[in-house]
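Let chain L serve as the given structure and place chain W on it in line with the hints.
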Amino acid sequence: MAVRSRIKTLKIDGRDVSAHEDETILQIAEENGIFIPTLCRIEGLSLIGACRLCLIEVKGWNRLVPACHTHAEEGMEVFTDTERLRNYRRMIIELLFSEGNHVCAVCVSNGNCELQYLAQRLGMDHVRFPNMQPVRKVDMTHERFVLDRNRCVLCARCIRVCDEIEGAHTWDMRGRGIDARVITDLDIPWGDSETCTSCGKCVNVCPVGAIVEKGRAVGEMTKRKDFLVYLSKMREAKK
Amino acid sequence: MKKVTVATVWLDGCSGCHMSLIDMDERLLELAEHIDIVYSPLVDMKDFPEHVDVAIVEGAVSSSEDFEKIHKIRAHTGILVALGDCAVAANVPAMRNPFKVQDIEARAYLENVDLQPQVPDQVVPKLRPYVRPIHEIVKVDVFVQGCPPSADTIYYVITELVAGRQPDLINRTRPGA
Chain L
0 MAVRSRIKTL KIDGRDVSAH EDETILQIAE ENGIFIPTLC RIEGLSLIGA CRLCLIEVKG
60 WNRLVPACHT HAEEGMEVFT DTERLRNYRR MIIELLFSEG NHVCAVCVSN GNCELQYLAQ
120 RLGMDHVRFP NMQPVRKVDM THERFVLDRN RCVLCARCIR VCDEIEGAHT WDMRGRGIDA
180 RVITDLDIPW GDSETCTSCG KCVNVCPVGA IVEKGRAVGE MTKRKDFLVY LSKMREAKK
Chain W
0 MKKVTVATVW LDGCSGCHMS LIDMDERLLE LAEHIDIVYS PLVDMKDFPE HVDVAIVEGA
60 VSSSEDFEKI HKIRAHTGIL VALGDCAVAA NVPAMRNPFK VQDIEARAYL ENVDLQPQVP
120 DQVVPKLRPY VRPIHEIVKV DVFVQGCPPS ADTIYYVITE LVAGRQPDLI NRTRPGA
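These protein sequences, in sequence, are chains L and W. Quick note on numbering: the first sequence equals residues 0 to 238 in numbering that gives the first Met the number 0. Quick note on numbering: the second sequence equals residues 0 to 176 in numbering that gives the first Met the number 0.
Bound conformation, chain L alone (with noise of 0.2 Å):
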């Protein structure tokens, strides 16, 4: 049995908690029963803190820092709820909303999007921020599935999933800010990629109605995603 880390103690919003020091404020947020909204996060995959709904507050520190990539130390004080973070929480929703083109009512993920979720839990009546209206490409080439990119939230868990699992590494991202898109390949269409295996771990792991299956109606994309937890245990047991 490997050697664990040493135990730290510190409070989360308030109640006394302990940890490991290798484990970050999510996991133990999570093993506690606190909830804290991820979107880009999913377990199975690397952690790249790139949608930044898991923001926390530390006492004593004057920034804002992600839960997923915050270690314990010993006498932390971590508040996870707090009106500020729930104000920026709503707004990185309302963001999100905002830059892309995500119509839930004739959505083939409606009912079963993740950010769908988050916008009703974290409280998202309206979109304060005027609609971008961005034209965006649809990839219809493959013959399985669609890549409609006016849903992408950029969440890169389709680029993770296909490199650190599959290890094919058919998807990137190209451009930068508002330009930020997912690619295949050298952005050739997805039908013509020499590299995809048409595995679809890219469809199950898309939290949107980006990645989908060709041939679903509204409402009727549901997702698996244990297989990925299912699927890193076993290569970790084999190690």
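These are computed hints drawn from the structure, not numbers from a lab. Keep in mind that a hint or two might mislead.
Only part of the chain L face toward chain W is listed, based on derived beta-carbon distances under 8 Å [what the hints assert, rightly or not]: (1) Val105; (2) Gln115; (3) Ala118; (4) Gln119; (5) Gly122; (6) Asp124; (7) Val126; (8) Pro129.
Listed next, the in silico SDA-like pairs over lysine to any residue satisfying Cα-Cα at most 25 Å (straight line) [unchecked claim]: (9) L:Lys213 <-> L:Val134; (10) W:Lys99 <-> L:Gln132; (11) W:Lys99 <-> L:Val105; (12) W:Lys125 <-> L:Gln132; (13) W:Lys99 <-> L:Val137; (14) W:Lys138 <-> L:Ser97; (15) W:Lys138 <-> L:Ile91; (16) L:Lys213 <-> L:Ile158; (17) W:Lys2 <-> W:Asp167; (18) W:Lys71 <-> L:Arg127; (19) W:Lys138 <-> L:Lys7; (20) W:Lys68 <-> L:Arg127; (21) L:Lys136 <-> W:Ala105; (22) W:Lys68 <-> W:Asp52; (23) L:Lys136 <-> W:Ile103; (24) L:Lys213 <-> L:Gly176; (25) L:Lys136 <-> W:Phe98; (26) L:Lys224 <-> L:Asn31; (27) W:Lys71 <-> L:Gln26; (28) L:Lys136 <-> W:Ala107; (29) L:Lys222 <-> L:Lys238; (30) L:Lys213 <-> W:Val91; (31) W:Lys71 <-> L:Pro129; (32) L:Lys136 <-> L:Asn111; (33) W:Lys1 <-> W:Ser39; (34) W:Lys2 <-> W:Val37; (35) L:Lys136 <-> W:Asp102; (36) L:Lys58 <-> L:Leu121; (37) W:Lys125 <-> L:Met131; (38) L:Lys222 <-> L:Leu153; (39) L:Lys136 <-> W:Lys125; (40) W:Lys99 <-> W:Pro124.
Computed from a predicted model, the values in this text were never measured in an experiment. Even glycine gets a Cβ: it sits at the ideal position worked out from N, Cα and C.
Showing chain W alone in chain L's frame:
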């Protein structure tokens, strides 16, 4: 006790929200004891009244007529309710936004018409360049998401407003519900 005056308005939407309103079934009779529907697609009244307590508006702001209407409604209304995803977020009507109005008109009135193709220049209201949710045009007091919001949700909203309370909708509805 004086009844609460209610208007319901249909802008650029599919009328599904009004269907959901009617779907309250026998609860409409119960509501009728507390509210008077003074203006609605369901009521034969041509002009928006001088004052209504609550205006429930379905649909996005898409045409010049919608634009004038929503300003008029706001000026003569106590509490303005944006009902459904089109009113709250522009939703499906806004899917025309990436296209030019000229191209949309050509598609609808010229390309697909065999007999005397022409773009109407009277009676049919002019489309505005972009479809917008109501709160980008005038102040909205209550946002009711859903496509359409369920009859239960609408019943809850109306009964809360009649009771003088602000409806708390977060756990009752969501976009696309």
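What hints, given by number in increasing order, does this structure fail? 19, 24, 27, 29, 39
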